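Protein chains in written order, with our numbering: chain H, 1 to 284; chain Y, 1 to 507.
It is possible that some hints are incorrect.
[Stated by the list, open to error] The list that follows gives simulated cross-link-like pairs (lysine-lysine, DSS-like), each with its CA atoms no further than 25 angstroms apart:
hint	chain 1	residue 1	chain 2	residue 2
1	Y	K362	H	K74
2	H	K119	Y	K362
3	Y	K308	H	K119
4	Y	K429	H	K119
5	Y	K429	Y	K314
[Unchecked claim] Stretches of chain Y that chain H covers, calculated by requiring three or more beta carbons in the stretch to come under 8 angstroms of a beta carbon on chain H:
hint	region
6	59-72
7	89-98
8	246-253
9	338-346
Hints listed in this document are in silico derivations from the structure and should not be mistaken for laboratory results.
Since the model is a prediction, treat every value here as computed from it, not as a measurement.
Glycine included, C-beta positions come from ideal geometry on N, C-alpha and C.
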Amino acid sequence: MKGALLLFAGLIVSCAGEKRVELKNKEAIGRFRVGVPDGLAFVSRSQMIYGVEVAAVPEQPGAWDAKVAAHADKIVSRPSLGAGVAAFWYKEGSDLVLEAQALREGVAVSIVRDAPEGKEAVAEKLSAAVLENYKPGTGAGFCLGPGAIHMGPSLSESVRIIWDLPAGAGRVEFSTQTVTEPDNKTFMDVEEERGMTGAAGGTLTVLSERDRTLAGLNGREIRIRVALPGQEPQVRLTWHYPGVGRDGAKPRIDFLAKGPAALQPQLEAAWEAMLPSLESVPVK
Amino acid sequence: MPKKHQVDWNKVDEFLAGLETKETHEIEVRREAIPLVFVPGIMGTHLRRPGTNGEGEADGFPNLRWSTATGWMLSNLIFASSDGAYRRRLIVGKPHQTFNPEFLEVDEDSPPGDGWRGIMEDYHIFLNKLREHDWKELDKYFVFPVYAVGYNWTDDVKAAGTYLAKRIDSIIEEARKITGLCEKVILISHSMGGLVSRTASELCGARENIVGIVHGVQPVNGSPGAYWRMKAGFEGFNSLGLVQRALGNDGPKVTAIMGNIPGGLTLLPNKLYKANDGKAEWVRVTEDGRLLVAEPQTNPYDEIYRRKAVVHPKAGEKPSTNEYWGLVDPVLLNPEKTAPEGGDPFDEMNAELDKSWDVYLKNLAIAEALHDQLSPSTGPLQHPQTLAATGIQHKSADVVEMHVESNWIRSDPYPNQCFRGFFVNAAGKDMQAVLQDPAGDGDGTVPTSSGVGVDAPNRPAPGDIKLRMEHQPAYENKLMQEWAIKAITAMVKHRYWEQRKPAGGAP
Numbered sequence: 001m002k003g004a005l006l007l008f009a010g011l012i013v014s015c016a017g018e019k020r021v022e023l024k025n026k027e028a029i030g031r032f033r034v035g036v037p038d039g040l041a042f043v044s045r046s047q048m049i050y051g052v053e054v055a056a057v058p059e060q061p062g063a064w065d066a067k068v069a070a071h072a073d074k075i076v077s078r079p080s081l082g083a084g085v086a087a088f089w090y091k092e093g094s095d096l097v098l099e100a101q102a103l104r105e106g107v108a109v110s111i112v113r114d115a116p117e118g119k120e121a122v123a124e125k126l127s128a129a130v131l132e133n134y135k136p137g138t139g140a141g142f143c144l145g146p147g148a149i150h151m152g153p154s155l156s157e158s159v160r161i162i163w164d165l166p167a168g169a170g171r172v173e174f175s176t177q178t179v180t181e182p183d184n185k186t187f188m189d190v191e192e193e194r195g196m197t198g199a200a201g202g203t204l205t206v207l208s209e210r211d212r213t214l215a216g217l218n219g220r221e222i223r224i225r226v227a228l229p230g231q232e233p234q235v236r237l238t239w240h241y242p243g244v245g246r247d248g249a250k251p252r253i254d255f256l257a258k259g260p261a262a263l264q265p266q267l268e269a270a271w272e273a274m275l276p277s278l279e280s281v282p283v284k
Numbered sequence: 001m002p003k004k005h006q007v008d009w010n011k012v013d014e015f016l017a018g019l020e021t022k023e024t025h026e027i028e029v030r031r032e033a034i035p036l037v038f039v040p041g042i043m044g045t046h047l048r049r050p051g052t053n054g055e056g057e058a059d060g061f062p063n064l065r066w067s068t069a070t071g072w073m074l075s076n077l078i079f080a081s082s083d084g085a086y087r088r089r090l091i092v093g094k095p096h097q098t099f100n101p102e103f104l105e106v107d108e109d110s111p112p113g114d115g116w117r118g119i120m121e122d123y124h125i126f127l128n129k130l131r132e133h134d135w136k137e138l139d140k141y142f143v144f145p146v147y148a149v150g151y152n153w154t155d156d157v158k159a160a161g162t163y164l165a166k167r168i169d170s171i172i173e174e175a176r177k178i179t180g181l182c183e184k185v186i187l188i189s190h191s192m193g194g195l196v197s198r199t200a201s202e203l204c205g206a207r208e209n210i211v212g213i214v215h216g217v218q219p220v221n222g223s224p225g226a227y228w229r230m231k232a233g234f235e236g237f238n239s240l241g242l243v244q245r246a247l248g249n250d251g252p253k254v255t256a257i258m259g260n261i262p263g264g265l266t267l268l269p270n271k272l273y274k275a276n277d278g279k280a281e282w283v284r285v286t287e288d289g290r291l292l293v294a295e296p297q298t299n300p301y302d303e304i305y306r307r308k309a310v311v312h313p314k315a316g317e318k319p320s321t322n323e324y325w326g327l328v329d330p331v332l333l334n335p336e337k338t339a340p341e342g343g344d345p346f347d348e349m350n351a352e353l354d355k356s357w358d359v360y361l362k363n364l365a366i367a368e369a370l371h372d373q374l375s376p377s378t379g380p381l382q383h384p385q386t387l388a389a390t391g392i393q394h395k396s397a398d399v400v401e402m403h404v405e406s407n408w409i410r411s412d413p414y415p416n417q418c419f420r421g422f423f424v425n426a427a428g429k430d431m432q433a434v435l436q437d438p439a440g441d442g443d444g445t446v447p448t449s450s451g452v453g454v455d456a457p458n459r460p461a462p463g464d465i466k467l468r469m470e471h472q473p474a475y476e477n478k479l480m481q482e483w484a485i486k487a488i489t490a491m492v493k494h495r496y497w498e499q500r501k502p503a504g505g506a507p
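Only chain H is shown next, with the shape it has when bound in the complex (with noise of 0.2 angstroms):
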């Protein structure tokens, strides 16, 4: 626990009923921004945006040199995606993948696209549409760290990132996906997991569970204790928010810690620290 005092330390300040750990660090992915504690590590994150991968981080020389030799012998063409974009196609088992990589201001900005054959143009011309519209910074737009892709939102985007503790076993993870209808599933049937637990022999215990507002959205936050024979006893947090319909601005949006029960004093205190901090980046 003094480790996760030490980490979390930082000035508390009241809004809309939520004590607010003020966070230096702040990530922003997607539509939103989050507030990062020192000392939890980062492990890797994902977007997409109208069906397009896509990853912004900072330019390594040479790294798009390593790429295309590791397809080197299953690339099929070189498009021509605009000034200052290098991309190829290639094919992987029967599927045909265009990668492509802009630098801007420092930053490869990256897109992993496929098509079906004889659509090459059209997956071309969103992929070039995606990189010519990343800027850098994230004030706006869908973000990927440095900085954010100004288009839509989109009827189909999602983003995952994932930190882990500083020891232990512990992780946290932050997860959207547009909607079609809002998701009253995620994380919300608590009896459907008691059910997969008593199957295994084991018991789960809802430590507890209530509404809780981040950002302004109204979601569910559920912490439970699973305790499985033979296995040490794991506690997960989770607040999900179902998102609106076909609304990329309000995407169903998860949180989660999980770890060993060792380990809950450090994940609640990430927890308390990081939900306070979300906040919506403005689409435009």
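Start from chain H and add chain Y according to the hints.
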């Protein structure tokens, strides 16, 4: 010191030439190894990303992509968001990827050894029984090493059969190195493993290397249960274990996996399938007892599986023409990427690029080709020495029934363990066809009519059998275990007689 000689068990009646009469000779009878090779059902094999040892993770997903270990299930299916998109990423890959047989491989040692590591731990209960069994008189002539052969169940069953055929070769070679004498194995299959075993035997050239095949709860002609689960998830009315429950409790979760892998589609009813009442049509939609839909008439591929299961009617259409009773709702195949209609021009481009339905049709064609080869119109191919056990007295989907009701409010087509197909009738009324719980006889997954698909009269004792048992834990059932051991014994006796016929003499 006596001079030592080895004689194969099946040559003890032959003269031993060249023995000096003044010497003492010790003759050791060399026993024949008959490996007992267990072939698990779908999802009974642990799968990992190639190039890894199954440990660690990449891009936030575990390198071990499928395991039935409780800890893995807890971490990756219960403690993860675990929706259709997540499951698709686990088994098929990123949204731009479609089924690729090289995406996953069996999580086993290299070389695989006895193969036990690669399969579901629950199977070990029965495998240990086999390993510890006292075969009595048969032990004088034979030894029975126990192997398991897991396979990539996402792939074409033909590929799994080819893999099994090769493993049979290598197991025989290995056993021969140890015992000096091994020519054939006995296969023991569970569920989909029966299809894989028959494929190895009848389509992949392994028949001559197999003494016989013991089948347990094989979906010989497929199961409407596979359709039911793709519509509604794994059902909760039987006592399902963690594994089955973790597979998904609604149609979107199950379709995101099963609709994207040819292996899963092979479990659907084939063209020979008949319901327990003997009728060909196993999708039945009724309104007040009146049959509105009865499919298939002859070919479930054309009449059900290739129809897009659009669950909402087109606006203004009266009566509507959406075939909600088709197998797959296209929007469930790649849920993370598929754009609904009516977006901006870039959404429309994304929709134009969507190939998930075409990919599904391609995977379906793979399953159909296997069905057509393994179960031609003349009947299911099978090894000449076959014994089969069928589970009964558990509610199973031998038919899939939907009952039509008025639909007053807009509701979810995919509630947990249910499905609702919406349509507008000729009178312009909004209606819904509601999926009914399975009510036929079987093992909870495979209906009796399909389970007995390879049964035949006048087989040697213990013969084919029907037992009151559930599908997944079939080999944990004591009566099933006893029957399987008797079936193996019968096959070993067959092997004995095959070798000893000229000389005669009972074992």
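Structure-based check of each hint:
1. Restraint check: the Cα-Cα separation between K362 (chain Y) and K74 (chain H) comes to about 22 angstroms, which is no more than 25 angstroms; the hinted pair holds.
2. Distance restraint check for K119 (chain H) and K362 (chain Y): the Cα-Cα separation of roughly 18 angstroms lies within the 25 angstroms cut-off, and the hinted pair is therefore satisfied.
3. Restraint check for K308 (chain Y) and K119 (chain H): satisfied, since their Cα atoms lie roughly 22 angstroms apart, inside the 25 angstroms limit.
4. At most 25 angstroms may separate the alpha-carbon atoms for a hinted pair to count; K429 (chain Y) and K119 (chain H) exceed this at roughly 40 angstroms.
5. This hinted pair checks out: K429 (chain Y) and K314 (chain Y) have alpha carbons roughly 13 angstroms apart, not beyond 25 angstroms.
6. Coverage of a stretch by a chain is defined here by at least three residues with a beta carbon nearer than 8 angstroms to that chain's beta carbons; for the region 59-72 of chain Y and chain H the count is 4, and the condition holds.
7. Taking a C-beta to C-beta cut-off of 8 angstroms, the region 89-98 of chain Y contributes 5 residues in contact with chain H, enough for the three needed, and the coverage statement holds.
8. Residues of the region 246-253 of chain Y with a Cβ under 8 angstroms from some Cβ of chain H number 3, which satisfies the need for three, so the listed coverage holds.
9. Interface restraint, the region 338-346 of chain Y with chain H: holds (7 residues with C-beta to C-beta distance below 8 angstroms; minimum three).
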